[in-house]
Each structure stands twice: as C-alpha cells, then as structure tokens.
Amino acid sequence: MCSRFRIEAGLLLLLPLAACQPPQTPMPGVGPPVAGAPLVRTSALVPGVDREILPRDPRALAYYDNPQAVVDGKRLFQQFNCSGCHSNGGGGMGPDLMDGTWIYGSRLEQIHQTLVEGRPNGMPSWADKIPDPQLWELAAYVRSMSLPRTLAAQNGPTPSQTPAPVPRAVDQDPGWSPSPDTSNDYGTTIVGPQ
Amino acid sequence: MIRPTVALLLLLCPALHAQTVPPGVPAGEVFTPEQIGHALAAPTPQAGRTAPSAVNAPADDGQWTMPSKNYASTRFSTQTELTPENVKGLVPLFSFSLGVNKGQEAAPIIADNTLYVVTAYPNYVYALDLTKPGAPLKWRFAPNPLPASQGVACCDVVNRGGTVSNGKYIFNTLDGQTIALDVKSGRPLWRTRLGNIHVGETLTMAPLVAKGRVYIGNSGGELGVRGWIAALDEQSGKLLWRAWNTGPDADVLIGPAFHPFYAMDRGKDLGVSSWPPDAWKIGGGNVWGWITYDAELDTLYHGTGNPGPWNAQQRPGDNKWTAGIFARDPATGAARWFYQFSPHDQHDYDGINEQLLLDLPFGGSMRKVLIHLDRNGYVYVIDRKTGQVLSADPYGPVNSSRGVDLQSGRLEVNPDKETKMDQEVKDICPTASGSKDWNPSSFSPQTGLLYIPHENICMDWLNLQVSYIEGTPYVGANVHMKPGPGGHRGELTAWDPVNRRKAWVVDENFPIWSGTVATAGGLVFYGTMDGWFKAVDARTGQALWRYKVDSGVISQPVSYRGVDGHQYIAMLSGVGGWSGAVVSGPVDTRDGSAALGFVNVMADLPKYTTPGGTLYVFALPH
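The listed protein sequences derive, respectively, from chains A and B.
Counting from 1, position 171 in the first sequence corresponds to residue 171 in the working numbering; the numbering is continuous, with no gaps.
Counting from 1, position 256 in the second sequence corresponds to residue 256 in the working numbering; the numbering is continuous, with no gaps.
Each hint should be verified, as a subset may be incorrect.
Computed beta-carbon distance windows for the label pairs [to be verified]:
hint	chain 1	residue 1	chain 2	residue 2	range
1	B	Gln465	A	Ser179	37 to 45 Å
2	B	Glu470	A	Leu45	29 to 37 Å
3	B	Asp298	A	Val116	23 to 31 Å
4	B	His198	A	Gln78	38 to 46 Å
Chain A stretches covered by chain B per the calculated footprint, using a threshold of three residues with CB under 8 Å from any CB of chain B [to be verified]:
hint	region
5	71 to 82
6	134 to 143
I should point out that these hints are in silico values taken from the structure, not numbers from a laboratory.
Idealized CB from N, CA, C, for every residue including glycine.
Only chain B is shown next, with the shape it has when bound in the complex (with noise of 0.2 Å):
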C-alpha cells in the first residue's frame, strides 16, 4: 500500500542529492608568486640555520602536553625510531571509539603515560592508560555543556583539543566553560564560563596555559559577537584580564606599552573610529585559533577573527582590531603591537592560524621571527618584537590581493575582487576558508622546512543585506566554493622560509583539513578527509605509507615515546569541521551556499566517507 501523498516523497532519491563539483579555477586567473611575493632582503641563508630557540622548544621529552609540541609550535617529535626505510611497516597497535560522531579537531595529548582527548560537543574527556596493554580507560568526563550550544556552533561542534599542566587536563567546552579535571581522578577542579550562548558565542580553542596562566578566546564571527582573548588563573579558574579585538583601547588593553610598526595601525580609538557606529559592538575579532606564548621574549601572540558581517559594505572602514594579529604583555594583557593582515576584510580572512616561533637568518643576520600563515594565503615572516613584516609570499592561490606593500605593511587589495551587494564576483582566491584555515603546520629543523597542510580552493561571492538579530548568524554572504587551479582541493606543501620557496608539494583531492606533525627520523604525517592517514618523506615528499581509517581525518596527530621507549604516532579519524560539514551535519548538497558555502565544492565527500570518531594509535610491530 502507498498512499498517493508518500508517493510524492518517492520523488526524493538519495542518489539526485549529489551535485557534481565544479572544475578549477583556470590557472591563469591567479597571480604566480613572482608576481606579488616581497622581501625586505634577498634570502641569506648563509647566515644560519632556522630553528627554534632552546627556551621555546626545549629538550623533547617524549611526552606531548600541548597541542602545538612546545611554545615554538614547531610540532616536532625528536623521534628516530619511524624512518622513511621502515614506516611501511607501521600497523595500528589499538584503537578507542570516542563515541561522538562529529568533526574531531582535536590533538591526543600524552603526560605520564597516560593520553587525554577532548571529543567534538558533548565535549566527553577520556584518559587512557598507556602502561597496560590495549590502553584501557581510567576515567571519563562528560561536562554537559547546553545542548543549545550546538545551534550557534557556525561550523560544526568541534574542539581543538586540551592541554595538561601541573596535574590538570585543561579544555573547553562549546557552551562557553573552562574546565580543569585532576589528571588522577578526572574530577573537576574548577569550571568556569565566559561564553554566553545567548548572544552566539561558543569555545572551540585550545587553551593556552603558560606561566601559571590559562589563556583562552571566543569564537563567534559568524553571529556578530565580538572577539576577546582572556587570562584565567590556573590554579582557581579566576579571571585575570580579559582584552577586547574591537572597541575603545581601554576595552583593548591599548595603552602606553603599545607600539605597532606600521602607521596604519596606530592612532586613538581605532577600534571605534575605524567602524561604522556602535558596528565595533558586532564585529567579530575572535580568539579561536592559536595562541602562542613566547617565553624567550615573555610575549604572547594571538591572532585575530574575521569581522562581521562578511558583507563589508555595511562596515567601511579598516575594521581594527580584526583580521590581524597581537603581541600583548601576558600578564596583564597589554598590547605591545598589532599588525592587520587584512584590514577591511572583505572574504572571512580570519587571522587567526598557528605562528611558529623561530630563529631565521635574514638580511644577513639571525632574526627572531613568527611565521604565520594567513588565510589570505601568505606566508607571512613577522620580526617578532617590532611586528615588522619581513617577507610575505603566497602559499596557494591568490588573486584577491596582489601582494603585501613593505613599506606600508598594507595589503593591496585587487579591486577586481572586492565583494559586492549587486553583482556576485567570481573566481576569488583563495577561498572564505583561506589557503589555510586553524589546521596547523609544523617544522622540521633538520629540513628546514614548514610542512603546511592546506587548500586549493576559490569561491563565487554575492553581498547580501543583513541585519543582526542577537544570537543569529550575521553574514550576508551568499557564498559557492570551487576547487582552484588544478582541480586538486588540497595541498600538503613543503615551504622553505628563508629562500622563500616551496621544497615541494603534495596535491590532495580533498583539501587537507588535519595538522602535521615532523619527526626526527625524517618523516611527516597528516590525514586526509577521505579517511588515509599518511606518512611522506620530510626531504622529498614521496609517499611512504597510508592506512584507511574508519572517517575523514582532520585533527592533530601527534607523535610520542611509550613506556617501552618505542616510538607511536597517536591521531584521531572523524570527519567534520566547516569543510567536512557535508559529512557530519545534516546537510543536503543541492544547496551549494551550504554551510557558508562550502557544500558546493565538498558534495562528493560523502562518497568517500562516513561520520566517526576513533583514536588511533600506530606503531611497528614489536
């Protein structure tokens, strides 16, 4: 029996679903890197060797407490035992189901031979133990975070992990807590909530924990709220400081310690007068990437989010403090200078990727620089105490800006790309999501080299009027992703920083949207969202090894010593985040402006791949 009305449903098949994806972006659409990279100085490699100080990446230890390695973020495991001779033989030595079927972003950590992780909402915390055979459970914690939480997440529920210190497994939760659990018992120690999800504002970072401080920031671009970066103290949870990204310098912790290098970063107020009125109240400049903490110069790094809404037209101005990045006192939050990566973003440029700490040769002499690599798709060499832009050169495709004027550290906008209320502009690289987005690199001081896990992708682009309506998305943008030159949607990119070049690339099909981690036998793993997870040689790219997970992989993997002194390689599969939203949320790919327009160039994913959320932990037979 079908009823006449059923029958209409019939209609519906799954297999129409699929859209096909669009082809790449014509190659001559795109500007080469001769064309808009700049240096202050021609490469001096001579000069010395790039790596990070002692005090930023001290001894490695085998443990992996922080998502980043070490404060240098170099993501380098001194390991020898994995070479590019033996990897073929790496087998999954056991796996643990995190029983959360969303996009998982997090990094294993491992402290005294126990590994932590944080799962996408509900946010569960599992420690395994590593002394026993199959790793089992010693506790679990589930926060509860407000299931409303998960409505104001603009990108799917995930989390960037958590981090141990002194005892404490410290993360956050979407709905806005801070929680640090005794490492032994799992309890909570102290909870508190800065996140209010009422006016759209969610935590997804991983928190920050240096010198006795937890430092952590808001995510909400997407939904107008207005970005802060926040010191906790790390034995109570109390609040110490918290530093706005818009608004009055008082309210951004601008005072007589500040000193941008460039012109355009400095006068009275920017905050407000660099906005519409009162517009500095919904303008993003969120903290839901990295932080980093400089322990050689007692300096804190952050970048900074998107502001809103994505149509631009409804806020001239240079949008301060968006888009760019601080270096504030971590004590007290005080600014020392900031640089805008995208003043006036007008294509969701968040500021808001991984800065490695290191020592470069360049002019001639060893600097201390940050490197960043922006979603506006340069990367850019920052001397770290004067916010000096050394060099910026382009990663991936670009053609929304032609390049970054030294001189005056701004970005120079092509006007063929600016978005527009009237007309949907075409072809834009790189993407909304950038050449990269927060899936962080790592570095290799053997090598020299950045392993940079990112994206070939480019966008169509149409302004929308918006209006804000709290605890709502305010975007106004009707955006459609499509693959870049190539076709290709990823790129795992070897970058040399002093000469200022790729040592090579690996094309991906789907663009890649896990972290790298570098070993010290000579090899780089990352995952892909079809579900490999990979090993390559860190001199020459050449595949090596993959295995087939159970989903997409895009989180952080992380190498560390057992107690049996071998080496493992610990990650997690689970398909999700913006790019893998087609997978993990309920999403239908006839619409390509879905989840903020990245369902157009992902609507073949879910051919490949399923929902999950498994821990992995590999290692050679023995």
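If we strip away everything but chain A, and leave its shape as in the complex, we get (with noise of 0.2 Å):
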C-alpha cells in the first residue's frame, strides 16, 4: 500500500504540471522534453532512476472507467482492420493484445502512442487516418482486452463481446510489470539513489 500512497501522491504532482511545462527533475545528461509536448515512454529503462515513470498525458484521463470509450474502441478496431491483423486480441499478423504482455508498454499513453507513431515491425501509423479522439477509444479498447473482467466474459473461443472500462488503477502501473508472483522484489530490499 505504500507504493499505491507514493504513486497517487506522485501522479497529483506532475499531472498538472505536464500538461503546461517540463517536468521539474531533468535526468542527467537529458535535456528537458518540448514544452507542451507529452513525453510518453517506450522504454521502462531511464538511466539514473531505479523506480517507475509516471503518466504525464492528461488526455488519457478521460478514457479511464469510461464504458463508452471502450464500445466505440471495440467497433473502430473492426472498423480500420486493426481485426485483419490482431483477430479478435488473439493475433496473427500483428501480436495478440489480450494476454497482458506488452512490448511497448500497456498504459493507455502508451498504447496511444504505439497507435499515433506505428512500430517497426510492421504495425502501420495511424496519425493521419483516425482522428485522436478515436485514437484514444482504441487504445481504451485493446488495454481492455487484458482486463480480468473482461477476460471473465470471454465465450468459448470468442473473446468477450462486451469489454469492461478500463479502470484508472490499472495505470499505476509502469507498462512492463515484473512477474506477478515475484518474490524478494528488488525494491524492497536494495535501495538505489534517490
């Protein structure tokens, strides 16, 4: 619970402030993000910090616990054939997005993010397709895919039809997880600079 407390008490602190300005602790050696600009990040690695990197885009706030948002996604993912390559979450051409591992991350920034600038090994970019709003929905959707309940509504060999919102706890999470059942975490034990 001390983690959640530091997490939550974090989040108060920089959200509003990502929004208009850089954040308050530049890394070493890195130069501030644009101002403005939301830093999203695809790696869970930042040099010279030994603990998680908290969301910084605001945008994303509004898609959390919203049931709306993840219908609409659940109807664009058919709509712009993100279904041609992903199924129905279980993959195929492109990885499944409903069994909880993530290569770039499973924050809804993220997500977003992977949607906005496209991956490398051949997911396509979508900045100019769909507008950013739907964007957004979609990424609602896909993190919902994961999602226990909606997992728990899953129908012989088809996934659910009806996705949970996806709740704003969730994202306390970093994006790369350690193994849920990891014993003799790191953090408890060694504590790194500060």
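Please dock the two separately framed chains into a single complex, following the hints provided.
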C-alpha cells in the first residue's frame, strides 16, 4: 500500500505540470522535453532512475472508467481493420493483445503512442488516418482486452463482446510489470539513488 | 510486496490459455469419393506406366538444385542406399542452427557439394561445405529486408526456398526483393525489387529458373493485393514481362494465343467484367505457390490465389482469374489456357498448390497430364496441352462442393455451405487452408503413387463487411477451424492417380505442413508439426523410422548423394506458417479466430513444441 500512496501522490504532483511545462526534475544529461509535448516512454529503463515513471499525458484521463470508450473502440477496431492483423485480440499478422504482455507498454498513453507512431516490425502508424479521440478509444479497448473482467466474459473460443471499462487503477502499473508472482522484489531490499 | 494492480494481472495464468480442440466433424457431413469423384473415362492402367518424361525429369545427378527436384516436380530421388530394411539405422550426422525461430518452409538446396538454405524473415542465406566434416559455413548473407514487411505477411514470415542455377543462388525476400548471389562468394550479383510492402505485397514463394529466366510471383491475397507473375532475366535481374491475374486482357497477357478449354473461361476482359466495378484492382489472385516449367511443351504453369476479400458477398461474379491455373508462354507470358478450379471462391481455396507433370495412361492411351492437388479438395488430372480436366476426385473431406462437372468444367458448389453475412455456416469441409496447402507432394515412378501430405480440417465461417485500407488486411470473415471426420488433423495419403483411389493413408494428429520426398529405395520421408521426422514404406505406408527434432517440421525434405557416394537426407525444423503461428507468433489461444481461424484447431500445439529453426542432415553410419 505504501507504493500505491507514492504513485498517487506523484500523480497529483506531476499531472498538472506535465500539461503546461517541462517536468521539474531533468535527468542528468537529458534535456527537458519540448514544452507542451507530453513525454511518453516506450522503455522501462531510464538511466539514473530506479523507480516507476509516472503518466504524463492528461488526455488519457477521460478514457479511464469510461464504458462508452471501450464500446466505441471495439467498433473502430473492426472498422479500421485492426482485427485483420490482431484478430479478435488473439493475434495473427500482429501480436495478440489480450495476454497482458506488452512490447511497448500497456498504459493508455503508451498504447495511444503505439497507434500514433506505428511500430517498426509492421504496426502501421495511424496518425493521419484516425482522429485523435478515436485513437484513445481504440487504446482503451485494446487495454480492456486483457482485463480480468473482460476475460471473464470470454465465450468459448470467442473473446468477450462486452469489453470492461479500463479502471484508472490499472495504470498505476508502469506498463512493463515484473511477473506478479515474483518474490524478493529488489525494491524492498535495495535502495537506489534517491 | 505485491502491488494491488499487479495482482490483477496474476489472474492471467498461462495454464488458462489453452482452449480445447473441438471434436471432429461427423463423418456423415462429408461426401464419399463415389458421390463426387468424376472422370471422363474408366481407368486403363494397361495402357502404360505413369512416369515423368526424361525431358522434365532428367537422370538424377544426386544433387537437389531446385525445391521441386526437377521440372516434373516429382521430388523423387533415385538414391537406393536407404531401404525399408536399413532405414531404422538412420542417424543425424550434423545439424546447424538457422538463427531464426520462425516457420521454416524452405527446401535445402544441394549443388556442387555445397548445401544452401534460406531462412524465414530476415531471410538469412547460409552456404555449408559438404566436403568437410561437420559441413562448415562457407559464407552467409543477410539481405536486411525491411522490418515492416513482417506486419504485412499474412501467415507467418515464411520463405519457401531458393534455387541454384548457373553459379547463382536465387531467392526472394519478404519485403519484395529477388536476389541472385554468387555461389562462390555469397555476394549479390543483382537485386530486383518488384514487391511493395506499402500495398501489402510480400514475396514468400520459391523462384523457378528455366531457360535463362527467373519466374516469381507475389503474396498478399489477404491484403487486397492484385496478383502477378513476372519473369526476370537470369543474368541481370531485369524485368522481362509481368502478367496480372485480374483486370483487362492486356494486363493479364491474354491475346490471340489464348484458348481455354471451357466456355466459362472464354470472353473479353473477364478479369474486369466478372467483378463489381474496380474490385479487380484489389482482388488478389496471387502467385505465392508453385510455378512449373514444362520443358517438353515449352510452357509455364502457375496457379492463382484466392480472390479478395474473403467475404465473397462483396464481390459477386466469377472473379477471374483467381483460384485457377494458367498455362503461359515462358518467353512472353502470353496466356495459352486457363482453368478456374473455384469460380467465385467463397472459402479461400487458393489454386497455388504444386503441379506434377507426368505421362499417364488415360482412356486407353498415354496422356501428357498435369496433376494438381487443389485446396478445394480435389486431385485434378488435367491434359496439359489443352487444359481439359480428365478426372477430379476428392482426397480429403469435402462438402463445400458436390464434384466437378466435367462437361462445363465447373465446380458444383454446395448451396448449404455457401458463406453468409448474417449466419455462421458450420462444418464446411475442407477448411480455408484446404484439404492441402502449399506443401508439396512427391511421386514415385516405381510405385506409381503420389505421396500427398495434407490436412483433415473443416471450419465454421461468418462473413463480415470489410472496407479496403491500403496495406492492411482485406479479409472480412470470422473463421473457426475444427478437425475433420475422425478427429485427427493430418493425413499422408498415397494416391493412385490412374485408378483414382487411395493406396494407403497414415493418420497424423496434426495437419501435415511439410512436403514429402520419395526415394528409389522405397521410402517416403515427411515431418510433423509436433517435431517428428519420419520414414514410411512407399508401398504400404508402414512406419519404419522416426527422429524427434527440436521443433515442429513444416519444410521440404530432400535426398542427395554426398561426396562419399552415400545417400543423405536433409531437412529443416522450425514450426510456424499459417497452421503453426500459434507457436511461432505471439498468439493467444483464447481467440479461436486468431491467425485467420487456425488457432481454433491448433490450440494444443504449444503443448507439443516450441519455436525453432535447425538444419538436420541424416545418413546411415559409415
């Protein structure tokens, strides 16, 4: 619970800042991001930092706990042929999206970033094709696929037709969690540079 | 310390992933061969022995320079050292990691005591020196295909092999290049790029080289890619001609020399008029399988892929020239005849499988025929001079059609199994990948039998409205595959093409996705998707030998004579391909529609094998 407190406290601190000005603690050797452009990381490794990097894109907030967003996202997923490559979440030409493992991160802002930028091994960039609000809806639906509530509504070999909204709580996770059954979390025994 | 959110993820225990494989379709759901098999004349085996001509299958020099072994595509080795008596002593002599854990569909190529192999993406090429112990690496070549090509490859990032001709190793890359390497140095002599990944086009097939020309064709039938076949100059790589398989006659290279046997294939610009307006531009008909050159008749034969999208309700008409076979002039590409196996295909029955060129007794005399094992489930025996179908018999479970009308040439589609938008049609046989997919058969002139590695799989299909977005899939169907009658998913069938019947059948748990090779010692070799490489008796099908390799087998085994005069068998392991994507790709088995519906019937494969990619060479200890 202590870590949860830390994250939520950090959120309160960082989110309003990220929207309008560069983050307050520049990393050594790294210039501050361009003002106004939210920084979304596609790597869990940040030199000199041993803790989770917090979300910085306030646009994501509207798509948490939003049942309509995932329903619309599901429709768009068919409409824009995402399903052609990712099937109904199980994958094919592109990787599956329902197993809870992520190459480029699971947070809504990271999934959104994947959709905007595309990814090198064959994921198209949709920036010019799909309006931004719809990209967020798609991100919410994609994130919903691996939620326990969505998976619980699985019907035989067909993934749930009723995606669960994405709880705000899931994005406390930095996007690349260690395996949940890991014991001896290094964070409890090693204190890194503060 | 377990974080509360992370604890939620705990519920995704991998053990929950495996769905069970559905039961087999009841035997009564499919037609019997007697009900739907037809021939123009009764068998006349006394009229002569079935064999390829010496022109198309010259005397075996012990090498294996093209995937099909010879132009006749018999994949028959005259090596006799290995026999049903001694094959149990066969052992691996050396192995070589390909460094790529994706589906390996290629045939090892052996020329001048060097073994060449091309891997799945990123299409590494290795040359191994067979004159030295352990076959050390002579050279390797990395073509660096564009990584984005992986996203537009419909069914794993496979490559079906290269070929050696006049001091060159010629192969294709996933991102659309054809490359000729100098066999001595491994350096490229030329590189030609005809495939454009931005429209969803890839190259996965094995080029065919004949008379100074390299023949290639594109993949992309699941992405609305318009199919073509092209000829390149073997010396320079320059494009000599390209024929499209949809569109106006001028594009298809249909002119005065075109004489299709059946009325249904005659008419002006059928490649336009048999489609809704402009649909031919994104209509598929790709050439991703086998091209065959007939040195006797100086003719090229190639099948054409499925029409796109899969949702046939979006493309009323016969959809020429998809799901059929062309005979062309090899010098100009001009079409000579065409025959459509599946007009207005509704089930993804590509016509791209192999064609074997044989002389066969039919109707009392010897005929020059082409034998084609189509995805739609029939063994077609076709007069290769005229394009007339002499016989068409089912070799796997069929109910999507009720036979081929040999007067009109037309496949008689079963209305009960036509695909629909408002209803999931159940138990369609064969499945989308066919009674058999690309993986080639072999033929032994000693037994007169074809050794057909194939599937026993059916499917449920629901059409979905799909819109075309360039460079993305253009499919429009939700498919769930299931085993065919009996519940086993694969069969090795020894087929007697003269008497039009099975000589014997070996059932396999998984679909057979490897080729077969037949040898003069009386053996047939093939591999299984759970990783067994096997030898059976060519006359009886009796299991004689097997060896467990590191990953499932979907490649094309070959047989050659080593420097020491002994017989060797070479093959690749490395499961994947459309059927094996459930292992080679990041795929979740909870979605049965994944990998275009194949996952539903392969959900248990991950329990049997893991991704891999290794070359193995076997011999008797000596």
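Evaluation of the provided hints:
1. B:Gln465 - A:Ser179: 37 to 45 Å: Cβ of B:Gln465 to Cβ of A:Ser179: about 41 Å, so the range 37 to 45 Å holds.
2. B:Glu470 - A:Leu45: 29 to 37 Å: Holds, since B:Glu470 and A:Leu45 (Cβ atoms, about 36 Å apart) stay within the stated range.
3. B:Asp298 - A:Val116: 23 to 31 Å: Violated: the Cβ-Cβ distance is about 54 Å, outside 23 to 31 Å.
4. B:His198 - A:Gln78: 38 to 46 Å: Since the Cβ atoms of B:His198 and A:Gln78 sit about 23 Å apart, the hinted range of 38 to 46 Å is violated.
5. 71 to 82: holds (count 4)
6. 134 to 143: violated (count 0)
When held up to the earlier numbered hints, the structure conflicts with 3, 4 and 6 and fits the remainder.
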